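These are the residues of each chain, in order.
2 protein chains.
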Amino acid sequence: MHARFYAPDAHAPGDLVTLPEDEGEHLTRVLRLKPGDALRVFNGHGSEFDAIVDQAGTRGVRVRLHAVAQAAPEPRVAITLAQAVLKGDKMDDVVRDATMLGVAEIQPVITSRTEVTRAALAKGARRDRWERIAISSAKQCGRATVPRLFEPINFDELVESLGRMLLPLPALMLVEPGAATETTPASELDLSPQRGATVLVGPEGGWTPPEIERGASVCRLITVGGRTLRADAMCVVALSAFFTMWREF
Amino acid sequence: MHARFYAPDAHAPGDLVTLPEDEGEHLTRVLRLKPGDALRVFNGHGSEFDAIVDQAGTRGVRVRLHAVAQAAPEPRVAITLAQAVLKGDKMDDVVRDATMLGVAEIQPVITSRTEVTRAALAKGARRDRWERIAISSAKQCGRATVPRLFEPINFDELVESLGRMLLPLPALMLVEPGAATETTPASELDLSPQRGATVLVGPEGGWTPPEIERGASVCRLITVGGRTLRADAMCVVALSAFFTMWREF
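Protein sequence lines correspond, in order, to chains A and B. Counting from 338, one number per residue, gives the positions in the first sequence under our numbering. Counting from 338, one number per residue, gives the positions in the second sequence under our numbering.
In case anyone wonders, no lab produced these hints; they're calculated from the structure. Quick caveat: nothing in here was measured; it's all calculated off a predicted structure. Note that the Cβ used here is the ideal one computed from N, Cα and C, for glycine as well. A portion of the hints provided could be inaccurate.
Claimed, not checked - For lysine-lysine, the following DSS-like pairs were computed, each having C-alpha atoms within a straight-line distance of at most 30 Å:
| id | chain 1 | residue 1 | chain 2 | residue 2 |
| --- | --- | --- | --- | --- |
| 1 | A | K371 | A | K460 |
| 2 | A | K476 | B | K427 |
| 3 | A | K476 | A | K424 |
| 4 | A | K424 | B | K427 |
| 5 | B | K476 | A | K424 |
| 6 | A | K427 | A | K460 |
As the list claims (entries may be wrong) - Stretch-level coverage of chain B by chain A, calculated; a stretch enters the list once three of its residues show a Cβ under 8 Å from a Cβ in chain A:
| id | segment |
| --- | --- |
| 7 | 347 to 357 |
| 8 | 434 to 440 |
| 9 | 466 to 479 |
| 10 | 557 to 570 |
Using the sequences and the hints given, assemble the complete structure.
So this is what it looks like as structure tokens:
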């Protein structure tokens, strides 16, 4: 299997495509590919191609697509992960793992107990960083699709947008055992949603009681097991549980 | 909820129990508890107690157990995680997460592609380190049981011991999609094993073809999804999938 590169402009066999700068550097400096060498490219929107290096020099790397390649299958259920922003590089880990597991979209959320502000996230260009991590994770796990990464929003905005959907999709809010009276264990979620679902995962300190109450108005409250899980492991545990119930695994 | 401490000698209400040294230091130096203060202790074998600090000084910390407390429920299926030893602190993460998810035993395994030798593991007292991590994880997640941590063994010894069982339990070997012809997706594992199961997870470079062939003689080969997962995430993904199928979640 040839090395895989991200080429967002790749559309059809025959195309001559310029790789993004960091992908080009990976190709020339790390893997030292030369014109004529074979590679794979994926465009982040589900398409993958066999390609040949056309030009690799100081003015960038161009590749010629020559055939459509078989991309790794995507889940039938398109999951939007609405993840409370976690501290430090824990959020990076969640973006990486959620991409590997196959989510379609990642919506970072600012909750009452999130310890970073929206302004600080914007200033640190965190969304761009998470996008690079998602691309890198897609490269490694063999996915041809890179999940869409939205700008962070507040929890209240998330709840409002879930309430406003014209064709509501299931929304599943992960809560700790005992956090609310009306909870459903993950293994009782028998039905596969037809098109997609939103999965809400809280921050290190958990959801506040008012957040759980607001969330319950538009979501089912879901538990996974009887123990307290680490905030940064919850996404992997919950997605694995749901994909298993929905026969994606 | 009072702070929880590990007290392996705690057996019954009325007992006067000395805490292990590092637990005692956590109690006196970090949480600054004094004689008469209330706490919880768990013994690592499934029992949890309400207790009172009896003595907290330079000669150690003693606590008096006064009532049996309700421990977090353990999974009905006792899982032995046979995990190929991973590089650096990745194995620490696996021990922490497997404890949090509820495994009963952890068997580190040296495989063909494991990059560390049994002698190096013994010299570095890695088993003791993993045991401390398991205790710490049990403290955090609210478990009263600490998984048993075995000394590392070679893959061949593991396969032999699985083949020698008098009452064989299911053994499930996680493999990549396409690694073998006869694989079962995790979501087709409908039946809950009656007592327990062994779950085999490979190293960073994956199992070798001869290992998959040997493993297949005593295990079912299981896949989770269609993408390549990180070696250190595989344990969480696989355990979450199995616990969901077996209605533990």
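Quick rundown of the hints versus the structure:
no.	hint	result
1	A/K371 <-> A/K460	39 Å, violated
2	A/K476 <-> B/K427	21 Å, holds
3	A/K476 <-> A/K424	25 Å, holds
4	A/K424 <-> B/K427	20 Å, holds
5	B/K476 <-> A/K424	21 Å, holds
6	A/K427 <-> A/K460	18 Å, holds
7	347 to 357	violated (count 0)
8	434 to 440	holds (count 4)
9	466 to 479	holds (count 3)
10	557 to 570	holds (count 9)
In terms of the numbered hints stated before, the structure departs from hints 1 and 7, listed from lowest to highest.
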